[in-house]
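**Student:** Use these hints to put chain B onto chain A, whose structure you have.
Number of protein chains: 2
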Amino acid sequence: MSKPSLPQGTRDFDAATVRKRNYIFNTIKAVFELYGFQPLETPAMENLDTLMGKYGEEGDKLIFKILNNGLDNEAKADKIRAGFEKVMTGRSSKDITERALRYDLTIPFARYVAMNYNQLTLPFKRYQLQPVWRADRPQKGRYREFYQCDADVVGSRSLVNELELASIYATVFQKLELPVEIRINNRKILSALAAQCGGAEKMIDIAIAIDKLDKIGIEKVKEELAARGLSNDQIHLIQQFLEISGTNEEKLALLKTIFTDNSNGQEGIQELEYIIERSQIASEASGPKSQISIDLTLARGLNYYTGTIFEVKALGVQIGSIGGGGRYDDLTGLFGVPNVPGVGISFGVDRIYDVLTELNLFPADVYSGTRLLFFNLGAAEAAKAFELMQELRAGGIACELFHETVKFDKQFKYAEKKGIPYVAILGSQELEAEIIVIKNLQSGVQEQVTFTGLRNYSFDSGSVNGQ
Amino acid sequence: MSKPSLPQGTRDFDAATVRKRNYIFNTIKAVFELYGFQPLETPAMENLDTLMGKYGEEGDKLIFKILNNGLDNEAKADKIRAGFEKVMTGRSSKDITERALRYDLTIPFARYVAMNYNQLTLPFKRYQLQPVWRADRPQKGRYREFYQCDADVVGSRSLVNELELASIYATVFQKLELPVEIRINNRKILSALAAQCGGAEKMIDIAIAIDKLDKIGIEKVKEELAARGLSNDQIHLIQQFLEISGTNEEKLALLKTIFTDNSNGQEGIQELEYIIERSQIASEASGPKSQISIDLTLARGLNYYTGTIFEVKALGVQIGSIGGGGRYDDLTGLFGVPNVPGVGISFGVDRIYDVLTELNLFPADVYSGTRLLFFNLGAAEAAKAFELMQELRAGGIACELFHETVKFDKQFKYAEKKGIPYVAILGSQELEAEIIVIKNLQSGVQEQVTFTGLRNYSFDSGSVNGQ
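Protein chains in written order, with my numbering: chain A, 41 to 507; chain B, 41 to 507.
Simulated from the structure, these hints should not be mistaken for laboratory data.
Do not rely on the hints blindly, as some may be mistaken.
No copy is singled out in the list; a pair is fine if it fits within one copy or between any two copies.
[To be verified] Here are the computed lysine-lysine pairs in the DSS-like style, where the Cα-Cα straight-line distance is at most 30 angstroms:
#1 Lys291 to Lys252
#2 Lys450 to Lys69
#3 Lys215 to Lys69
#4 Lys215 to Lys60
#5 Lys69 to Lys479
#6 Lys69 to Lys453
#7 Lys43 to Lys94
#8 Lys291 to Lys255
#9 Lys296 to Lys255
#10 Lys252 to Lys94
#11 Lys252 to Lys296
Bound-form chain A, shown alone:
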């Protein structure tokens, strides 16, 4: 008999953790719904073909593959007998594995859109909040099973989508009461910069170097750019670009003068301007008080972004970005449906959990479990308690009866350990008098309530910690 353990990099979530995670999940989902996004769920398993080759060579190695089983071999034998498949000599990798666990939510979404393209109402706005699996080396804050949380609009090139997604970020973090900065940039501007530095093919080099600015500083970035073959003049231009500072409006004004001759750049600037302006007007009128800043040092590694890019930073804590996304030109080309543009954002829910914990921002009522524990003081008393509980539950009050008649001590301890704020004492005297004694365990206050009055008693107290 082995001592039980969990696979490395995986976690059990106890009640308190599930409740806090659900607080984050439900907040985000509610906002997605307010913006007309609809839920989608895809299976944990995808065909290996669907996933392989989509995440680069390194990514392929990190995909968890599932071993074929007896039925798969039977099916294979059937196909061979029926002539659909040739008998192969030697072992192919298909003999071992044909399925794998989802590595992210983007590729399964692309697969879904490609499979159902003709049935979808376009623009198609979906959100998805599901676990993904990666065979990464586990370390602090990095797990082999973790949740991703994405919202995408596909089938539309309209900037209304970018505006809405920026606003979703602002609304979610306002509801979570977490101060953030929503950083925004545009790949078209970076591509204009590359053009001015001698060609669009320089874009990746420049983006990679810029991405490191936070960590290594401008001097090292300049060295790296030089090593990548950029001239002093070009490096000077990039430095000027990165040093553009001031308000959003000042940045936009400066950018316009730099990229006067580059239509791509001008387009990127106009897009930024549109999002910034509209967000501010709406925010002043009635929307969430978002802090959207143009960040010209924002590059985002993923190559497939082509327009607006987003990143969200929590203010007041040292942690990487807690959200990011951007516009892409082609979601489903890999699956045979070309030219489906879109834009999406994602929330780093594990990091958001860590930040809310660090800043102590989970609301007290997130722990709401059982409100009231009935002490078990005998068979007849317990029978009455059960009746009263059914009434309370019908009114939405979560309650429990201690499972056996034992000393008060033990029953108190159960309430305490489970964080139950009220206990109900119903002994033989109370039973006769048709009353019940309710004790608030925090304040120590106790009150007599009649059986019929119980249903109107308020069990809302201050904060309590759940198990």
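**Tutor:** Showing chain B alone in chain A's frame:
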């Protein structure tokens, strides 16, 4: 480029399906919470050791195993170098797989309880609603990835738990407005019957035969019992037992006369009596109108049940049981923590989904997505619409702005396809007059509303079908 597809036996869930499934999930979870149960989530992957050998030989074959990857091999090499592990010659199965996908929720729960036993508040009441994976041959209604939904109390022998679980069943199905019969029996009575038929070891033979009564009828059951070596007298006794009919009270009275000399049987009868009586009293007072029936033909295949057993049947549809459970003596013995008794129930959520669909019992507002679509009638109009939407969203109204300025037709179609009940028309004239025209797409009624009046407009209409 391959045409994308899904692995056999797996499903995508579109928005309407997710919403309907969540309606079931949320109803069940809310009731669990009302009864003091707390959520638990375990990882999809477990160590292969944790799962293997727990589900019988057939079960073992149906476990989806995960292929080891490069990191696992590195870790192994490290251990060998450090002297923790010997270099093995030849290939062992551990070289291929050490992890597998969860096959049910019971074994991961047992593993969790064993790992955390000393930290748990006993009795420990947990619920769990997560997918499980089985490499079964896919067929109608049988999937390779499907959800289970369990509630268990461990660390208590009190019948209060059985009473509460029966009441949870009654409450959930009342909330779902699904008429059901909650069938209840007790393994102690079956074991007493076995004892009267010549020995406790006959219990499994009898249970297996009884389990088939529904399908094959009493004559065939008698044949089977004879084939299993029971004498005519014994078979006669079993038939008498199975033919006990009448109300719960009549059944109990008869049972008491049959098993006068068997203390185990008497105990089982008392337990049944307790649950039936208490449920009826509470139900008459204020609880849900449950229909709990003693069903002496109920046996439930699983060997580990030792006391009360439950099964739930939907009335008015031809479908197997939509719930079941029972009491067991030892949950965690397999993981080194013996003598942890408990009792649990589970909900067959996929079947419940099918029944609610067949009986058309999903409430209309389950489809609630976007309430209002703003037509996009130009840049300035769209800008104003965005502002107004932010106000509405702050008030909890889900709304959208059509992404581009196109013909009315196309915008109407979007609202229609997405099941959006109201559209808002805000053209240049309306913009100037600071009004908006709201049209109810079901009734065709349209009304003028001022910008400031919009936030108080009621967007609750009749039922609409979502995408």
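**Student:** Hints first: check each against the structure and report whether it holds.
**Tutor:** The hints, checked one at a time:
1. Taking the shortest Cα distances, Lys291 and Lys252 sit within 30 angstroms of each other inside one copy (21 angstroms), while across copies they are farther apart (78 angstroms).
2. Taking CA atoms no more than 30 angstroms apart as the test, Lys450 paired with Lys69 passes between copies only; the shortest distance there is 28 angstroms, against 40 angstroms inside one copy.
3. In this assembly of identical chains, the alpha carbons of Lys215 and Lys69 lie at most 30 angstroms apart whether taken from the same copy (12 angstroms) or from different copies (24 angstroms).
4. In this homomeric assembly, Lys215 and Lys60 come within 30 angstroms of each other (Cα to Cα) both inside a single copy, at 14 angstroms, and across copies, at 26 angstroms.
5. Proximity of Lys69 to Lys479 under the C-alpha cut-off of 30 angstroms is restricted to the inter-copy arrangement: shortest distance 27 angstroms between copies versus 37 angstroms within a copy.
6. Taking CA atoms no more than 30 angstroms apart as the test, Lys69 paired with Lys453 passes between copies only; the shortest distance there is 26 angstroms, against 37 angstroms inside one copy.
7. With identical chains, the CA atoms of Lys43 and Lys94 are at most 30 angstroms apart between copies only, with a shortest distance of 15 angstroms across copies and 39 angstroms within one.
8. For the identical chains of this complex, Lys291 and Lys255 are intra-copy neighbours only, at 23 angstroms inside a copy versus 77 angstroms across copies, given an alpha-carbon limit of 30 angstroms.
9. Proximity of Lys296 to Lys255 under the C-alpha cut-off of 30 angstroms is restricted to the intra-copy arrangement: shortest distance 28 angstroms within a copy versus 80 angstroms between copies.
10. Taking the shortest alpha-carbon separations for Lys252 and Lys94, only the intra-copy value of 25 angstroms comes in at or below 30 angstroms, while the best inter-copy value is 51 angstroms.
11. Proximity of Lys252 and Lys296 under a CA criterion of 30 angstroms is satisfied intra-copy only: 25 angstroms inside one chain copy versus 80 angstroms between copies.
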